[in-house]
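What follows is each chain in one-letter form.
2 protein chains.
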Amino acid sequence: MPPLSSGLLGALDSTSDRAVFRQIADQLREAIDKGRFAEGDKLPSETELIEHYGVSRMTIRNSISVLQGEGLVASEHGKGVFVRPRPPVRRLASDRFARRHREQGKSAFTVEAEAVGGHSEVDSLVVREEKPSQDIATRLGGARKVLARRRRYLLDGRPVEFAVSYLPLDLARNTQIAEPNPGPGGIYARLEELGHRLDHFDEEISARMPTPEEIKTLRLASGVPVIHLIRTAYDTEGRPVEVCDTLMAADAYVLAYQLPAT
Amino acid sequence: MPPLSSGLLGALDSTSDRAVFRQIADQLREAIDKGRFAEGDKLPSETELIEHYGVSRMTIRNSISVLQGEGLVASEHGKGVFVRPRPPVRRLASDRFARRHREQGKSAFTVEAEAVGGHSEVDSLVVREEKPSQDIATRLGGARKVLARRRRYLLDGRPVEFAVSYLPLDLARNTQIAEPNPGPGGIYARLEELGHRLDHFDEEISARMPTPEEIKTLRLASGVPVIHLIRTAYDTEGRPVEVCDTLMAADAYVLAYQLPAT
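Note that the protein sequences, when read in sequence, are chains A and B. Under UniProt numbering, residues 1 to 262 are what the first sequence spells out, in order. Under UniProt numbering, residues 1 to 262 are what the second sequence spells out, in order.
I should point out that these hints are in silico values taken from the structure, not numbers from a laboratory. Take these hints with a grain of salt, some might be off.
Where chains are identical, the list cannot tell them apart; a pair therefore holds if satisfied intra-copy or between any two copies.
[What the hints assert, rightly or not] Result set (EDC-like, lysine to aspartate or glutamate): computed pairs, CA atoms no more than 20 Å apart in a straight line: (1) 131 x 33; (2) 42 x 26; (3) 216 x 33; (4) 79 x 39; (5) 34 x 245; (6) 34 x 130.
Using the sequences and the accompanying hints, generate a full structural model.
Here it is, written out as structure tokens:
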């Protein structure tokens, strides 16, 4: 890191009505945005910043905490404060559920992981029969009992997604869909073999801050939201055959879609 | 609000290794999730919570601040802490750029606002020629100069979205697209009249915490992320004719898409 004297960070504006800790956060943010501090770079130490700006340790800590809240930096205990990586690890393409992938025996997650040259894993798999929430029941056309498949996805060892698939029990019971390993091509390939040829998927996307449980499950850094995606799969007869309720680490994803103009 | 004695909130677990302020936040969150406190409801006052749990004011404030950070509650100065509204005000449908809307002279924003029975407005409109960022230039197939249309969208007086449309200057200069009011059906209708029949739109979606400027522009409550959507419009010859860079208040939107299964 170049010395602070080189003009990496500016001076405070004593005539501004913007609080000093915010001015310092603004300058650090701008330096990150402009690439003066790159991903993985260590920010100047508290001591260096105190000296540079002539302010108290508490002021510097407030500034850093603003940037942490925005997800721009992460503090590593005893090592310092680092610029967080910003590019997504995965990009969800709009053809990710194309039949050709299923026919090659690949799941959507594998296809995407391969696209970024990453190693994908699934853990914490739990498959069980249960009574669905009102929302899930409605999406599944009034199903009273469902098969629920819960699992977590990891990319290169990092948890990036937690997903629960719900299927009407009359459809999934005593099939390979109820097994921990549903076989090549995943549950969509099995649904098609069972005569439910898939027609399209509806996806609904929203974003919010995670709960403490979700922070733990996805090992989220401070200031990182989650993307909540609910997908419903329809067969060619218009029947909803699966609802997948997914929570994604927002710093790990860009979702891509194509919309018709006609 | 029913009195606290009615079992609305439970007791603390003194054997738990979970910090007391987190236990209290957990109980309040659960009560909100289960609808015991509904949208717009006032939470019990600090004094009531202090009495109920037998803890200090600081502990209660820490608990409330956890929930604020998650976007679940908002503090109104001097009035108390309220459960924030959670349903989205707008749902972006996958047919929002269908030609039939343009032909009726409606913009996508108007169509969506009408769908939720809301009143839509646009303000802060600035139209100017500029040099695009590297990213925008690349998305527009290497455009060196662009026409940029910046504007903010409000729904029922609340800012929900800030958007910038970039168009190659050779295409937009001296057309109605360069006017503050581009006319019925918006710039997409004008592009089609100029011979650029639209074929499809690509959209990329990510989510992150807002910067202080963005918080101001969209008047965001604490703990509310932004959805970042970049849309590229292509004409039937495959030329990118517009990039729209949009920032949306995440508590105001659900985005809906349809994916093919084939």
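These are the hints, each one checked on the structure:
1. 131 x 33: between (48 Å within a copy, 18 Å between copies)
2. 42 x 26: Classified as within; 17 Å inside a copy, 34 Å across copies.
3. 216 x 33: Between copies only: 19 Å across chains, 29 Å inside a chain, cut-off 20 Å.
4. 79 x 39: within (16 Å within a copy, 43 Å between copies)
5. 34 x 245: Classified as between: cross-chain Cα gap 19 Å, same-chain 37 Å, threshold 20 Å.
6. 34 x 130: Answer is between: at 19 Å across copies they meet the 20 Å cutoff, but 51 Å inside does not.
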